[in-house]
Amino acid sequence: MSIFQSSLRKPLIEGKKSYQEITSQILDPLVNKPIKLWYFAITLSGGAMLFGLLMMGWTIWQGIGTWGENRTVGWAFEISTFVWWIGIGHAGTFISAILLLFRQRWRNSINRSAEAMTLFAVICAALFPFIHLGRPLLTFFIFPYPNTRLLWVNFNSPLVWDVFAIATYFTISLVFWYVGLIPDIATLRDKLRKGLKKTVYNFLSFSWKGSARDWHRHEVTSIMLAAIATPLVLSVHSIVSMDFADSILPGWHTTIFPPYFVAGAIYSGFAMVLTLLIIARKLMNLEDFITVEHVESMNKILIATGSIVALAYITETFMSWYSGIEYEQYMLQNRMTGPYAWAYWIMIICNVGSAQLLWIKKLRRSLLFTFFISIVINIGMWFERFVIIVTSLHRDFLPSSWTMYKPTIVEYGLLIGTLGIFFTAFLLFIRVFPVISISEEKSILKTENALQVAKEIHHG
Amino acid sequence: MKKYRKDILSEQVRPKDDLSPEPAYEFDPLPELIKDSATGLHSSRRDFLKLCGYSFALAALSSCRSKISKAIPYVIAPNEITPGDALYYSSSYVNGSDYCSIIVKTRDGRPIKIEGNPRSSMTRGGTNARVQASVLDLYDMERFKEPISNGVPVSWDEADGEITARLKKISYDHGSIVLLTPTVYSPSTEAVITDFIEKFPGTAWVRYDAVSYSAMLEANLISFGRQVIPRFHFDKADVIVSSGADFLGTWLSPVEFTKQFSSRRDPEGSMNYLIQYEAGLSVTGCTADKRIQIRPSQEYALLLNIYREVVKLTEGRESNAPSSPADVRDIAVKLTSSPGRSLVISGSNVKDIQLLVNEINRYLGNIGTTIDFSRYMRTHEAIDSGMADLVSRMNAGDVDALIFWNVNPAYTWYDRDAFTKGLKKVGIAISLSGSPDETSSLVQYICPDNHYLESWNDAEPEKDLFSLMQPVISPLFNTRQMADTLLKWSGSAISYYDFIRSYWAVNMLPRQKEYSDPVAFFDHSLQEGVFETVDKNVRPAALLTRPVSHVFDPSLLKTGDDREALFEVVLYEPVAIGEGRQANNPWLHELPDPVTRICWDNYASISGLQAKENSLTEGDLIDIGGLTFPVHIQPGQAYGTLSIALGYGRKVCGMAGNGVGSDAWPFLTMDNGNVSYTRTLGRIGKTGSGYLFAQTQGHHSMEGRALIRETGLNEFKVNPSAGNELHEHYTRHAKSLYKEREYPHHHWGMVIDLSKCTGCGACVIACQAENNVPVVGKEEVQRVHEMHWIRIDRYYSGDDMDPEVGFQPVLCQHCENAPCENVCPVGATNHSGEGLNQMIYNRCFGTRYCNNNCPYKVRRFNWFNYTGAGTLRGNLRDKAGMTGDLRRMVLNPDVTVRSQGVIEKCSFCIQRIQAAKLKAKTEKRALYPGEIRTACSQSCPANAIIFGDLNDKESEMNRLIRSGRNYNLLEELFTKPSVNYLTRIRNRT
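Residue numbers (numbering that gives the first Met the number 0), protein chains in the order written: chain V, 0 to 459; chain S, 0 to 988.
Calculated directly from the structure, the hints in this document are not laboratory data. Warning: the hint list may mix true and false statements.
Claimed, not checked - With a cut-off of at most 25 Å between alpha-carbon atoms, the simulated DSS-like pairs for lysine-lysine come out as follows:
hint : chain 1 : residue 1 : chain 2 : residue 2
1    : V       : Lys281    : V       : Lys405
2    : V       : Lys208    : V       : Lys197
3    : S       : Lys333    : S       : Lys716
4    : V       : Lys405    : S       : Lys878
5    : S       : Lys311    : S       : Lys289
6    : S       : Lys777    : V       : Lys405
With these hints in hand, go ahead and build the complete structure from the sequences.
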């Protein structure tokens with residue numbers, strides 16, 4: 000292969016690789032037996048998942064009373080965690096769809112895992128609307144299915160749109176992710192000897208031939224799906240935010256919620272991608288594909304979205320003062336100085352302070368620091384949802400109903416359990432499918448270098 | 000051509016000239032999809048297949064039932080029972096000294112709800128929480144079920160035989176038999192007891208009331224020559240001075256007094272003025288126009304000063320008095336300026352204080368006006384010294400047989416050890432009580448009484464006011480009424496029922512002229528529930544008044560103004576649990592105390608200042624006089640006092656009540672021949688902390704929000720909208736983009752008068768009984784999971800140490816722009832054409848979004864399977880035993896029992912609305928104004944809640960809504976509630 004090297008910009012793939020090297024290096028972890036650390040990790044996350052499933056069963060059987068929620072605080076841990084997971088999912092779609100349309104080629108090495116993350120996060124999120132129901136076995140009531148009693152859902156309710164939005168989101172993400180996988184599954188199939196595995200992969204690859212027609216259709220489908228998925232990045236979390244914005248509760252009833260939630264979602268999503276990839280590149284020897292350049296680019300997005308979130312906090316504070324409504328004013332005062340002030344300040348420190356540190360180039364190129372900050376941001380974003388939900392509810396209009404909320408072990412179990420589901424799914428995913436898109440990596444290897452050659456010739 | 004179900008549908012086509020009435024709506028079992036075929040004009044093979052498919056689906060679905068319960072019809076149906084129709088019977092609630100004239104609602108032969116009887120001139124249709132909850136006591140599985148001899152169940156014949164043999168022998172040997180009862184004010188029972196005493200000569204009848212008014216009785220004997228408690232007329236008093244008498248909550252006859260008192264709380268009429276001197280904050284203290292904290296030891300000095308001032312102002316004579324704990328000159332002027340139209344009362348059980356009160360009232364000319372000896376009360380007649388004598392006779396081995404009925408001295412007597420020791424020396428002890436208690440567990444024989452709803456009886460709660468009690472259900476267990484038992488033992492062959500009838504034929508019939516036939520007279524009285532004989536021509540016997548001149552007696556000032564060292568413990572009767580008779584009643588345990596909002600517990604209330612000085616915080620445990628109590632910091636508690644509720648800490652009463660709270664009866668002492676309910680004790684010691692109360696309200700300030708709007712009477716007279724200026728502001732600015740809803744037929748609404756509400760909680764229990772509201776138990780209330788559909792918010796305002804108190808009943812506001820309605824994803828809550836915010840339990844799957852969005856927080860979620868109505872098995876949470884087969888008998892069949900995971904809330908008693916509409920429809924008439932009353936409004940003894948049709952512009956309710964006092968809660972949110980509030984007017988003059 001060519002060995003041209005840009006003087007201006009570092010290559011997206013380091014190590015001067017050939018096509019074959021890319022293939023073998025990415026497929027290595029799939030073909031070989033997993034390392035001990037993998038077993039350790041899946042035991043841990045599997046245990047967490049089982050604990051969560053146990054708590055879920057307990058909740059369904061015994062009732063929501065097993066949680067710390069009460070007369071005044073009707074939603075708390077579960078909806079906080081639900082919104083948090085939905086938010087985490089956003090990065091995947093943003094990377095795979097929006098960055099594809101904007102031809103951000105650096106996305107090619109991270110989009111696969113980011114999309115997988117989206118799927119798993121949405122699965123984790125979708126559990127909560129189900130289990131938080133008082134009568135979860137009647138979940139089907141939420142769907143507008145025709146029935147002889149002429150019962151219909153209430154289209155005024157944002158919860159109905161939530162279901163539509165999440166279902167659409169999950170479907171599109173799944174299809175998009177799978178379409179991208181097809182050429183790689185075929186590559187994997189070709190690497191395998193005859194056997195059951197090969198048959199299965201062949202089936203999954205839809206007998207991909209690698210013909211020009213195949214590639215053409217694949218490209219067109221990808222672009223079209225990207226165009227469909229792009230508005231979803233904005234719509235899903237906007238609709239989720241309306242669960243709150245539609246109400247009359249101070250702290251929820253806020254028109255800035257849709258953009259504020261979308262920015263927050265991308266913020267936490269990128270943080271989660273960073274957390275995962277910084278570990279994955281180390282463990283799976285993918286340092287050449289996922290480089291410091293990638294991390295830095297993502298950190299820049301963190302700065303942008305983190306600043307939007309900070310602006311939203313400021314706007315919220317200003318508006319509650321400017322509104323002149325005593326309930327609004329009290330709500331914010333209670334957030335900042337009330338019994339849950341600690342949660343508010345954790346949120347501010349983690350979400351506002353941390354992203355601003357990334358203006359420093361040294362810090363945003365530091366993998367260790369980025370890893371640390373990505374976790375801090377996700378803690379902060381979880382607390383953001385907790386603050387919005389719990390501190391708004393627990394002291395609302397009538398002081399006679401004010402109360403406190405304290406989570407129970409069951410609620411902690413559900414949070415841990417979804418983390419378990421997420422990581423278990425991710426760990427299984429990296430054993431089954433290539434964690435980096437081989438075909439797309441190959442596409443940039445040539446383009447990047449060819450562009451460079453062209454430039455040099457032109458100037459030379 | 001095939002025709003399906005032609006028989007039903009062919010009738011729908013009627014000739015135009017057919018003037019017969021419209022056929023009632025017929026249930027059409029066929030779905031829309033086969034309607035065309037069913038008209039019989041055309042049917043195709045497709046229709047046939049559709050029908051086949053439908054039938055198969057139906058067959059498959061109907062086989063999905065999880066459980067089949069069988070209902071067995073009557074073999075011979077009773078004539079008066081129509082399944083589904085409620086029957087109402089007048090009766091009387093009698094439980095010790097608690098009395099109320101009632102109407103019992105029965106469904107299919109079982110009583111399910113108690114309502115007040117408006118025909119009684121005493122209780123006038125009012126009830127209180129205890130009366131409302133008494134129906135649940137009937138279905139108590141832990142009542143005695145059969146006679147018991149030395150712990151072994153026996154038959155009535157065996158028990159009767161053994162006992163009569165023993166009694167006859169004692170009587171023959173000139174031994175002594177003692178019958179121990181509370182005050183008996185049933186004339187027939189008194190006659191039965193007289194017969195019994197005749198049959199067993201040497202029988203002594205001792206009456207003992209655990210909450211005693213004997214000092215008052217003794218004082219009245221001295222002052223007026225009558226050992227009776229007069230009838231008080233709070234409605235005739237312009238100025239009321241109460242020294243520690245919680246007459247709106249527990250004192251003497253609270254339902255009657257609340258009715259009277261509230262009739263004078265209308266600011267447009269002549270509003271009365273109430274000043275309350277007390278240590279612990281009571282319901283009456285909260286309602287009072289002025290409340291002054293005093294310690295019990297200061298009461299004597301206070302009243303002496305009032306006496307001195309009154310004497311000075313009426314007779315110009317000076318008298319001696321110690322320094323006063325409060326300035327009483329103003330109140331003395333008020334009292335003397337309305338002679339004969341004031342009332343001074345005291346809750347003390349100290350004779351000298353009651354004598355002093357009598358003197359003050361005499362000087363004020365109240366005897367014969369607001370204090371009526373011609374129509375005295377008969378519900379409290381016991382003298383404490385009688386019981387004290389009995390205990391000493393028992394200990395001297397002087398009592399051979401002791402028969403108890405409905406008293407529990409092993410729990411309530413101040414010296415219970417002496418009582419139990421003495422009981423061991425009694426030859427034979429027999430209990431006639433209906434349910435287990437501490438005393439019954441110590442006796443040889445238990446011959447259980449019926450519940451009052453299973454009994455025939457009469458009562459004379461006030462002189463010449465008679466009241467009948469009739470059974471509304473056969474005895475559930477093998478029990479027998481106490482009077483029947485006594486009749487049997489005295490060898491009488493007739494039943495108590497026949498006894499009452501003949502008693503009435505002889506004694507009551509001549510008192511009236513309307514009926515000459517005793518049967519017709521009795522039946523009429525039974526139907527009315529009450530029979531009053533007021534012969535206006537007969538003037539009451541002249542009252543002998545003996546002026547007792549009062550000289551300051553320093554020995555009566557038990558402790559001086561010594562602020563440190565000593566605590567005065569004030570023992571009071573709590574509003575719900577009372578003296579503990581109904582301690583196995585989960586409804587009453589779960590009713591939050593009106594003031595502290597704590598349920599399922601008692602505690603030592605302490606003033607905030609003193610708590611700080613002793614470094615105590617809420618929930619610390621203290622040791623006082625050898626007993627341990629959790630501390631509750633109570634705003635308005637007098638410095639140096641601890642208020643502790645009696646009636647808790649029962650050990651033998653049943654699963655719901657055993658061990659709830661702590662026993663405070665041991666604090667009682669005997670003082671000068673009367674039981675004293677206050678006690679001075681030494682320092683308190685902290686023994687622990689972190690006790691968690693089941694408190695339903697955790698925040699006590701309105702935070703400056705205009706929730707309870709109030710003003711003074713003078714301000715109101717100048718401007719009827721005083722204190723309510725915001726209403727006008729909000730109404731003026733209320734604009735909507737949407738068209739207003741229209742309610743062409745009815746538009747249900749409510750108005751709640753905050754000036755009248757005393758916070759007593761009758762409405763809460765009435766609602767619980769009417770609407771099958773589950774009981775959740777103490778732990779669940781601690782977790783803020785209580786289920787009451789109506790709650791009474793209590794806010795403190797002003798000084799922390801001496802707050803003003805406001806009560807505000809809050810139920811579903813049935814908003815026109817209901818925030819709950821638009822957020823429910825499945826439309827389980829929606830708006831009816833009559834303005835009701837409806838909840839469809841079947842459709843609800845429990846997102847709780849509606850509750851989050853409800854600014855009033857009146858929606859309740861079934862956090863667990865509290866009722867056993869869920870589909871899942873094995874997850875029942877029923878700490879109070881409310882789902883047992885017998886307890887479930889109390890459920891109202893017109894109201895769905897909600898399952899786990901659904902939201903529920905106030906429905907404005909829609910079952911009552913529908914029933915009344917149906918009745919009006921079958922009678923082809925419009926609804927009468929005020930025909931429908933919700934459970935809360937019906938039970939309210941203060942008439943604070945009025946329900947009605949907002950479309951009926953002429954109604955009293957709409958007149959009030961148009962007044963300047965009217966406002967909506969949180970009206971700035973433009974939810975447009977159907978529930979209106981009237982500003983609270985305090986008489987600050």
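Verification of the supplied hints:
1. Lys281/V x Lys405/V: Not satisfied, since the Cα-Cα distance of roughly 39 Å exceeds 25 Å.
2. Lys208/V x Lys197/V: The given pair, whose Cα atoms are some 14 Å apart, holds under the 25 Å limit.
3. Lys333/S x Lys716/S: holds (20 Å)
4. Lys405/V x Lys878/S: Holds, at roughly 22 Å.
5. Lys311/S x Lys289/S: Holds, because 23 Å separates the two Cα atoms, which is no more than 25 Å.
6. Lys777/S x Lys405/V: holds (18 Å)
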